[in-house]
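**Student:** From first to last, the protein sequence lines are chains D and H.
Just so it is clear: in the first sequence, position 474 is 474 by the numbering used here, and no numbers are missing.
Just so it is clear: in the second sequence, position 209 is 209 by the numbering used here, and no numbers are missing.
Don't read these hints as lab results, they were simulated from the structure.
We treat Cβ as the ideally placed atom computed from N, Cα and C, and that holds for glycine.
Fair warning: there could be bad hints in the mix.
What the hints assert, rightly or not - With beta-carbon atoms standing in for the labels, derived distance ranges: (1) H/H188 with D/D83: 49 to 57 Å; (2) H/G25 with D/D83: 42 to 50 Å; (3) D/A84 with H/D13: 37 to 45 Å; (4) D/R429 with H/L66: 29 to 37 Å; (5) H/G6 with D/A501: 47 to 55 Å; (6) D/L251 with H/G229: 54 to 62 Å.
What the hints assert, rightly or not - Okay, the calculated bits of chain H under chain D, using three or more residues with CB under 8 Å as the criterion: (7) 70-81; (8) 162-168.
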Amino acid sequence: MARRAGPLTPVWPGLVLAALVALAVTAPLAALLARAGTAAPGPADWAALRFTLWQAVLSTLLSLICAIPLARALARRRFPGRDALVLLLGVPFVLPVIAGVLGLLAVFGRNGWINAGLAAVGLPALSPYGLQGILLAHLFFNLPLVTRMLLQGWQAIPAERLRMAESLALTPRARFAHIEGPMLRAVLPGAAVVVFTLCLSSFSVALILGGGPGATTLELAIYQAFRFDFAPDRAAVLGLLQLTLVGTAGLVALWLVPAAQAEASRGRVLRHWGGGRGFDAAIITIAALFLSAPLVAVLLRGAPGVVDLPPSVWRAAALSVTLSVVVAALVVIMAGGIALAALRFPLLEITALPGLALSPLVLGTGLFLLVYPRLSPEALALPATVLANTLAALPFALRLILPRLQQAVADHGRLAASLGLSRGIWFARILWPALRPAIGLAAGVAAALAMGDLGVIALFADADRATLPLQVMRLMGSYRSDAAAAAALVLVAISLTLFWACERVTRDA
Amino acid sequence: MLDLRGVVLRYPDFTLTADWHLPQGAEVAIIGPSGAGKSTLLAAIAGFEDLSAGAILWQGRDITRLRPGLRPMAMLFQDNNLFPHLTAFDNVALGLAPSGRLSAAGRAQVTAALAQVGLEGFATRRPAQLSGGQQGRVAIARVLVQQRPLILLDEPFAALGPALRREMLGLVRHIAQDIGATLLLVTHDATEARALPLTVLVSEGQAAAPMATDALFADPPPALRAWLGQ
């Protein structure tokens with residue numbers, strides 16, 4: 001099919017782009033390998049590896065255990081605000097991590113709401129730092145993701161099958177065994193490996209909530225080796241460890257996750273004839289509070305300070321917006337071009353893999369080794385940030401665009417070819433309308449992720465070149481927590497606006 | 001006896017009323033233009049739709065508030081009648097024991113039901129390894145072991161060709177007669193409807209009282225005439 005529609009879909013731009021991706025990935029990788037040489041990881045490095053794995057396993061288990069009852073409750077209940085809650089589930093994915101963590105600290109931190117409540121009744125305070133803090137933050141960011149995946153699974157169960165189970169009066173146990181069990185078996189492995197992979201390379205969370213011998217991830221160790229010890233050799237060794245780890249998990253993810261992860265539909269609620277109403281209500285209430293409280297906290301603490309923010313914050317905001325628009329444009333161009341070429345050469349889809357395996361910090365380390373000492377790290381900060389964020393968003397974009405493109409070509413390719421449509425008409429009138437929503441969503445995700453990214457920039461930035469997330473972190477570090485909250489609020493507002501604008505403009509009419 | 005007393009189903013876009021009863025063992029086709037509410041009527045009798053007003057009685061007992069699984073009926077849908085991950089045997093077994101645990105006598109009963117629909121030796125196959133007609137037979141074997149006095153069919157076997165569909169319907173009727181069950185069949189096929197003695201015409205917001213099919217088709221009212229394209 002694709003071959004027959006060949007003349008209408010150019011292949012060479014995609015091949016060139018894929019080659020560029022390959023070059024951008026292999027050159028830093030070669031530099032890492034060369035620098036690491038035969039150096040073996042030390043005890044601290046192995047400890048970081050163990051902790052990275054351990055927290056990722058725990059985070060994944062926690063997310064799955066909490067997401068199953070939540071998704072089940074959302075799938076079977078209709079209540080006022082349900083649509084808003086499902087919408088809220090989409091927020092953490094595009095929420096800048098630093099802003100989310102800041103919100104969590106406002107709720108669970110030393111002077112946060114929870115501890116204020118505990119102190120009022122004379123209970124000891126909870127610490128938001130260390131392993132439990134990292135797990136809490138990972139739960140906040142991943143619970144919504146897993147819940148949405150499971151919700152789709154529940155909503156994809158054919159209505160007739162549910163009615164049949166009902167008309168056969170299946171016991172709750174049999175109902176689970178024959179209806180929900182098979183769905184969970186199909187969806188959970190993919191969800192688990194996605195969360196696991198994300199948690200393996202989570203940097204900002206570990207940077208703020210972790211640290212010390214007991215709670216250092218590989219990503220954080222790379223940052224410290226670079227920033228504090230200036231030990232590029234050790235950074236290279238750690239980088240290779242991280243690459244192996246995440247690369248393996250990423251490969252498994254690519255293999256397990258079904259290609260068409262459409263958006264969770266908000267409309268359909270399964271008709272349900274059972275009890276458990278109180279349990280579902282409790283789960284939904286707790287989840288809604290847990291997911292909204294940090295956002296509300298950022299809003300409440302940040303709003304008063306927005307007008308007094310120093311100019312440096314607004315300069316950083318302008319820089320971040322510029323970077324994220326550039327990244328979004330690059331991602332759309334690259335994903336579009338590679339997807340077109342992938343119609344002919346399906347293997348090209350593996351171009352997405354580096355984005356999954358190569359964390360920004362590993363890539364940054366490699367790039368640094370490549371140019372040092374000819375260029376200063378500061379000179380590298382912006383180009384490396386753009387590159388890292390483009391590569392990171394590319395897999396999402398390809399996953400969104402490629403299936404739609406394949407569908408459009410399969411549906412209309414023959415007809416277009418038989419009508420002898422010109423290439424211009426084929427693109428403008430057939431492909432663009434079919435791909436528009438996917439492209440908008442891809443651009444929105446890329447822009448929001450780039451806006452919130454705190455990876456490469458933290459590695460290289462100097463005093464006068466900061467992105468907004470880095471500026472928030474600096475304000476937090478200098479204990480100006482009100483200004484940090486205000487800057488975080490600006491960051492959240494811009495990220496969500498960028499995402500919303502991209503998604504809105506291109507939505508199906 | 002199935003008794004629909006002043007049944008009203010009200011939706012934003014349409015309303016359906018029904019007020020009639022059926023003797024035990026009747027065989028009834030439900031026909032009408034698409035969107036008129038044939039399937040909705042059947043779903044309401046099965047308990048999948050709540051009534052806006054009225055009541056449904058079975059043998060004089062009000063079943064309006066009963067959960068679908070507790071109503072005295074077996075139902076077949078257009079598709080998705082079988083669980084894809086279960087064998088033919090296990091799919092049929094669910095009709096006998098909703099918990100999935102069977103006694104030895106139950107196992108024999110399932111085997112006999114499969115034999116009766118002509119599927120001896122297919123017990124261990126999964127739906128994907130069966131043809132469309134064989135899948136239909138498995139679903140019918142389940143109706144057989146359910147032994148419910150009311151059998152509801154919502155355009156079943158829609159994916160099958162006319163000959164196979166006729167064969168399946170014959171098989172279901174045979175089983176219904178065996179257990180003395182009342183049969184309700186939603187269909188958009190005039191030939192299928194004419195094979196059954198009684199017909200309910202659903203149109204313009206009303207499910208009319210069942211009429212003798214021959215008489216109805218001999219002198220069709222305007223709505224039926226339009227549906228038939230006459």
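**Student:** Decide, hint by hint, whether the structure agrees.
**Tutor:** Status of the hints after comparison with the structure:
no.	hint	result
1	H/H188 with D/D83: 49 to 57 Å	violated (35 Å)
2	H/G25 with D/D83: 42 to 50 Å	holds (48 Å)
3	D/A84 with H/D13: 37 to 45 Å	violated (26 Å)
4	D/R429 with H/L66: 29 to 37 Å	violated (55 Å)
5	H/G6 with D/A501: 47 to 55 Å	holds (54 Å)
6	D/L251 with H/G229: 54 to 62 Å	holds (59 Å)
7	70-81	holds (count 10)
8	162-168	violated (count 0)
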